[in-house]
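There are 2 protein chains.
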Amino acid sequence: MKLKARLLDIQAGSKSIALLDDEAASLLGVHSSDRIEITYKNEQLIAIVNIASNFPPNQVGFYEEISKKLGVRTGETVEVHPAERPEGLSYVRAKIRGERLRENEIRIIVQDVVERHLSDTELASFVTALHIHGLSMDETEALAKAMVETGSILTLDKSPILDKHSIGGIPGDKTSLLITPIIAAAGFIIPKTSSRAVTSPAGTADRVETLCPVNLTIEEIKEVVNKTNGCMVWGGAMELAPADDIFIQIEYPLAIDPLLLPSIMSKKKAIGATHVIIDIPTGRGTKTKTIGQAEALAYDFIDLGKRLGTNVQCAITFGEQPIGYAIGPALEAREALSTILGNGPVDLKEKAINVAGILFEMVGLENGKQKAEALLKSGKAEKKLREIIEAQGGNPKIKVGEIEVGDKKAEITAIGEGRVLRIDNRKIAQVAREAGAPREKGAGVTLYTKLGDHVKKDGVIFRIHAERNTKLEAAIELAKKLQPVELSKRPEERMLMARVPTRIIRKKTFMLER
Amino acid sequence: MKLKARLLDIQAGSKSIALLDDEAASLLGVHSSDRIEITYKNEQLIAIVNIASNFPPNQVGFYEEISKKLGVRTGETVEVHPAERPEGLSYVRAKIRGERLRENEIRIIVQDVVERHLSDTELASFVTALHIHGLSMDETEALAKAMVETGSILTLDKSPILDKHSIGGIPGDKTSLLITPIIAAAGFIIPKTSSRAVTSPAGTADRVETLCPVNLTIEEIKEVVNKTNGCMVWGGAMELAPADDIFIQIEYPLAIDPLLLPSIMSKKKAIGATHVIIDIPTGRGTKTKTIGQAEALAYDFIDLGKRLGTNVQCAITFGEQPIGYAIGPALEAREALSTILGNGPVDLKEKAINVAGILFEMVGLENGKQKAEALLKSGKAEKKLREIIEAQGGNPKIKVGEIEVGDKKAEITAIGEGRVLRIDNRKIAQVAREAGAPREKGAGVTLYTKLGDHVKKDGVIFRIHAERNTKLEAAIELAKKLQPVELSKRPEERMLMARVPTRIIRKKTFMLER
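Residue numbers (this note's numbering), protein chains in the order written: chain A, 1185 to 1698; chain B, 1185 to 1698.
Check each hint, because a few of them may be wrong.
Here are some of the chain A residues that sit facing chain B, going by a computed Cβ distance under 7 Å [as the list claims (entries may be wrong)]: (1) Gln1195; (2) Ser1237; (3) Pro1241; (4) Glu1306; (5) Ile1434; (6) Pro1437.
Below, in silico cross-link-like pairs of lysine-lysine (BS3-like), each with a Cα-Cα straight-line distance of 25 Å or less [claimed, not checked]: (7) A:Lys1199 with A:Lys1186; (8) B:Lys1186 with A:Lys1592; (9) A:Lys1199 with B:Lys1199; (10) A:Lys1665 with A:Lys1640; (11) A:Lys1561 with A:Lys1411; (12) B:Lys1342 with B:Lys1555; (13) A:Lys1186 with B:Lys1186; (14) A:Lys1583 with A:Lys1567; (15) A:Lys1329 with A:Lys1490.
Per label pair, the in silico range of CB-to-CB distance [said to hold, decoys possible]: (16) B:Asn1288 with A:Arg1257: 50 to 60 Å; (17) A:Glu1423 with B:Lys1634: 56 to 66 Å; (18) A:Asn1399 with B:Glu1268: 26 to 36 Å; (19) B:Ser1672 with A:Ser1274: 22 to 32 Å; (20) A:Glu1423 with B:Thr1261: 34 to 44 Å; (21) B:Gly1563 with A:Ser1210: 33 to 43 Å; (22) B:Ala1421 with A:Glu1227: 35 to 45 Å; (23) A:Ile1432 with B:Val1547: 51 to 61 Å; (24) B:Lys1342 with A:Val1382: 53 to 63 Å; (25) A:Ser1320 with B:Glu1268: 55 to 65 Å; (26) B:Lys1634 with A:Ser1274: 28 to 38 Å; (27) A:Asn1653 with B:Asn1288: 37 to 47 Å; (28) A:Lys1473 with B:Lys1225: 47 to 57 Å; (29) A:Ser1210 with B:Lys1561: 52 to 62 Å.
Hints listed in this document are in silico derivations from the structure and should not be mistaken for laboratory results. The structure presented is a predicted model; accordingly, all values stated were derived computationally and were not measured. Glycine included, each C-beta is placed from N, C-alpha and C at the ideal position.
Start from the sequences and build out the full structure, keeping to the hints where you can.
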């Protein structure tokens, strides 16, 4: 069927969507979310049909992604045919039915994801089915491999290549800003790629960006690593495992993360890591609530690493409160720099040297923690951090006070005397975000108290920093509502830990299988 | 935040979507699929954010659905704020976790569905979770009630109101074209609403449309029913249970149907049915493969009916081949009219009088089947059918030969002698669709043989009808490839029934619960 192209002049977020009127769709025998094959001159592609009922029946509408690929202009004639559904969709359906997928089937799904042959609806169903049915380790391995194969690779031609990753969830965790220079200062290669914050007040890339540019090309990254042994860059621009980036977008509103293992490990594999330490913050208010859960996850990481040819160990770390006192990109960069200069909080330093120490021992050194501590004390780690900042295009001489933080401040004080019983990670993060983090880099929260500390009536519990008064006001209001820090004279006063509402799981009506 | 409206002049398929540039989204602190509240003058609404990276940062793009509701024009300033996620989303997430939902929670989900506050991604995840975890009967009831409450209602102020519904899946099932006039001829009210084909070659609305208009307003339907006791109209324009229509769109590419029970029963409840017979075609090639499965489904229908205050009975019918010989809108209308005139195939007549007979017995008559048969034989059903056709605006004197069918024909013949062992419902439907059905109403298939019939070498197995030669050619090719009718001299020649490939279900890796 011949239709006239109509360019919409906007993007569909990399989705491959074509608009048809009811009438045209009906003549083609396709429905919304069926596929059509579009041919223009020598170009051909598959698009997913959306029905736009007010569209002229002799036209087909293209978002910019498609019109660019085809090189077609408004008014030109294209040939449109119904197309088969992508093969990956049948394996998505198999997963919905609870089947175990084979390596080859997973590879086809991931290819269809990257080529945008699967719609958001189908991807949402897939990740939901993965979340509910779970993945076998064979499936996890196949997913990780397929994600690596369909993305870019960083080839450094060096060995060993060390790396570190946290499964996240703890505000203020600026440990990577210490570990990377410690490892690099010892002469090991550590090409650290990080993400920006999605739901948190700061990702490592956001923190580092207050010190130097993080948006480097693969070639620039190679140069920095060749010069300094390490780097601290944003991974998003590199197209490492792009399927993972698509899955993350779909998972975001659903708040599920069934691909945690292949997601993390595919990105480590894509930068060629030979030795990886995974930090698993554990406890109340974290992703893994108990050491038992953390260990189960750790063994899965280690197993997956073995299957991918990467040496993996895990650190189960205390995660029941933020790391250090600072939360928010610039505040955290300040605290990291202070710590590398010898003045930072104990928990941050302790975590950094422990995790760096395990990495040292993984590559054959002895007394890893002591070695890491020595690199910190001697100033070698600081020197290395400044080298990396310089190589990435920042000011190597930057002082703590020169990292700009928001000048709008407010203090949240205690209404009575007490001991800090709980700091809610999620609530503290919400307050920091309300203040403007991560978008406004100087915004965030500085804690004045940590678990177990004694606070006097009217004593400062935390301080909010913002770049704008409206954000400061909003954050103060939220802080008062959420009360992220709980004080109590005696734990005995709070005997009720949780209330279980009346909900029953399962017991289903008859369900057709098609 | 103030942004300039930019109208996109196309529809988004009733979705409530606003486009923002990366920069604007980031300043607002929202991501793709977050919600924003848009205010223009006295109008306010919630939209789901899509990121269009080439959009000017001071603009917000609106599809026609939104711009119409707001009454805004390009270039005008609107106020945009981040909005809370809809309450329904938290219950969607609870269902993903496998929780049982309460009535109130389901009502909120359904309201959010109808008001388009939930994205396709979230709806896909919801129906997938429903499909995998299943629904309790309490949840099913709550869904059916909420779907009725959020839609239009047909109020006839009469009682009893009879209705009939088939769960579908059998090509050529034109039984409703007989049952409706039989019931109405006996003086009972039967306001039959039907759907158009989605994946089949003909829905009841498509068949009736070859006799008279089916796209009636609620007021017109009332008039027809008041005049004739019955009607045969398309339900799609009536906005009965619109949430169901949205769910069906989402389920279509996923090929799942977890809402079968509330979907059917909400529409029966919305037209005020007091007595409903559900036809459950059963056997190989149908939705319910065994009588055991069909009974389980039947008891669920009966239970749900009781909860909704509707008297429900079910008919488990033989579904291992098409009903009658004709498949395709016009061909089926011809066969239905022939049958009401006394000349049709046995299975169609037998099914119609049995199902109508149960309905008669449900409202207190005795010997329902005989009563139905008598109405057919006496010509009263025919007279009623013609009354309904006339009331809906068709030609009441129409003859079988006047219903136009495609004049392009081809016969598929047997390559050898044999007995008909199997007629594949799905494959026959595919051939009829390839020939042009349901869009081209004269297209379809006429069977010349049914199960158990003996066929000679070169004997006609079925005939394909089309309105266009290209479609005819395509259908012939597909018929040769699919071979929908299987012949064999002896069943003993086919001992292998199915092959079970090596797939294992379940056994999962560690899964984070958030």
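To see whether the hints hold, each was checked on the structure:
The beta carbon of Gln1195 (chain A) is positioned within 7 Å of a beta carbon in chain B (closest approach about 5 Å), and the interface hint is therefore held. Interface hint at Ser1237 (chain A): satisfied, since its Cβ lies 6 Å from the closest Cβ of chain B, which is below the 7 Å cut-off. Using the Cβ-Cβ criterion of 7 Å, the hint placing Pro1241 (chain A) at the interface with chain B is not satisfied: the shortest such distance is roughly 13 Å. With its C-beta approaching chain B no nearer than about 6 Å, Glu1306 (chain A) sits inside the 7 Å limit, and its interface hint holds.
Below 7 Å, beta-carbon pairs count as interface contacts, and Ile1434 (chain A) has one with chain B at about 6 Å; its hint therefore holds. At its closest, the beta carbon of Pro1437 (chain A) sits 4 Å from a beta carbon of chain B; the interface hint therefore holds under the 7 Å criterion. A distance of roughly 23 Å separates the Cα atoms of Lys1199 (chain A) and Lys1186 (chain A); the hinted pair therefore holds under the 25 Å criterion. A C-alpha spacing of about 23 Å is found between Lys1186 (chain B) and Lys1592 (chain A), which places the hinted pair at or below 25 Å, so the restraint holds.
Our distance criterion of 25 Å between C-alpha atoms is met by Lys1199 (chain A) and Lys1199 (chain B), whose separation comes to about 16 Å. For the hint linking Lys1665 (chain A) to Lys1640 (chain A), the alpha-carbon distance of about 21 Å falls within 25 Å, and the restraint holds. Of the supplied pair hints, the one linking Lys1561 (chain A) and Lys1411 (chain A) holds, its CA atoms being roughly 23 Å apart against a limit of 25 Å. Distance check on the hinted pair: Lys1342 (chain B) and Lys1555 (chain B) sit about 22 Å apart at the alpha-carbon level, within 25 Å; holds.
Between Lys1186 (chain A) and Lys1186 (chain B), the direct Cα distance comes to roughly 42 Å. Violation of the 25 Å bound is thereby established for this hinted pair. Straight-line distance between C-alpha atoms of Lys1583 (chain A) and Lys1567 (chain A) comes to about 13 Å, which keeps the hinted pair within the 25 Å bound. With a C-alpha separation of about 13 Å, the suggested pairing of Lys1329 (chain A) with Lys1490 (chain A) holds against the 25 Å cut-off. In this structure, Asn1288 (chain B) and Arg1257 (chain A) meet the distance hint of 50 to 60 Å, their C-beta atoms being roughly 53 Å apart.
In this structure, Glu1423 (chain A) and Lys1634 (chain B) meet the distance hint of 56 to 66 Å, their C-beta atoms being roughly 58 Å apart. In this structure the supplied range 26 to 36 Å holds for Asn1399 (chain A) paired with Glu1268 (chain B), their Cβ-Cβ distance being about 32 Å. At about 29 Å, the CB distance of Ser1672 (chain B) to Ser1274 (chain A) agrees with the hint of 22 to 32 Å. Restraint check, Glu1423 (chain A) to Thr1261 (chain B): a C-beta distance of roughly 38 Å satisfies the suggested window 34 to 44 Å.
Taken as a hint, the range 33 to 43 Å holds for the pair Gly1563 (chain B) and Ser1210 (chain A), whose Cβ atoms sit roughly 37 Å apart. Judged by the Cβ atoms, the range 35 to 45 Å given for Ala1421 (chain B) and Glu1227 (chain A) holds: they are separated by roughly 40 Å. About 57 Å separates the C-beta atoms of Ile1432 (chain A) and Val1547 (chain B), a value consistent with the hinted range of 51 to 61 Å. Distance hint check: the CB atoms of Lys1342 (chain B) and Val1382 (chain A) are about 57 Å apart, consistent with the given range 53 to 63 Å.
About 38 Å separates the C-beta atoms of Ser1320 (chain A) and Glu1268 (chain B), a value inconsistent with the hinted range of 55 to 65 Å. Taking 28 to 38 Å as the suggested C-beta distance range, the pair Lys1634 (chain B) and Ser1274 (chain A) conforms, at roughly 31 Å. At about 40 Å, the CB distance of Asn1653 (chain A) to Asn1288 (chain B) agrees with the hint of 37 to 47 Å. Separated by about 49 Å at the C-beta atoms, Lys1473 (chain A) and Lys1225 (chain B) satisfy the suggested range of 47 to 57 Å.
Checked against the given bound of 52 to 62 Å, the beta carbons of Ser1210 (chain A) and Lys1561 (chain B), roughly 40 Å apart, lie outside it.
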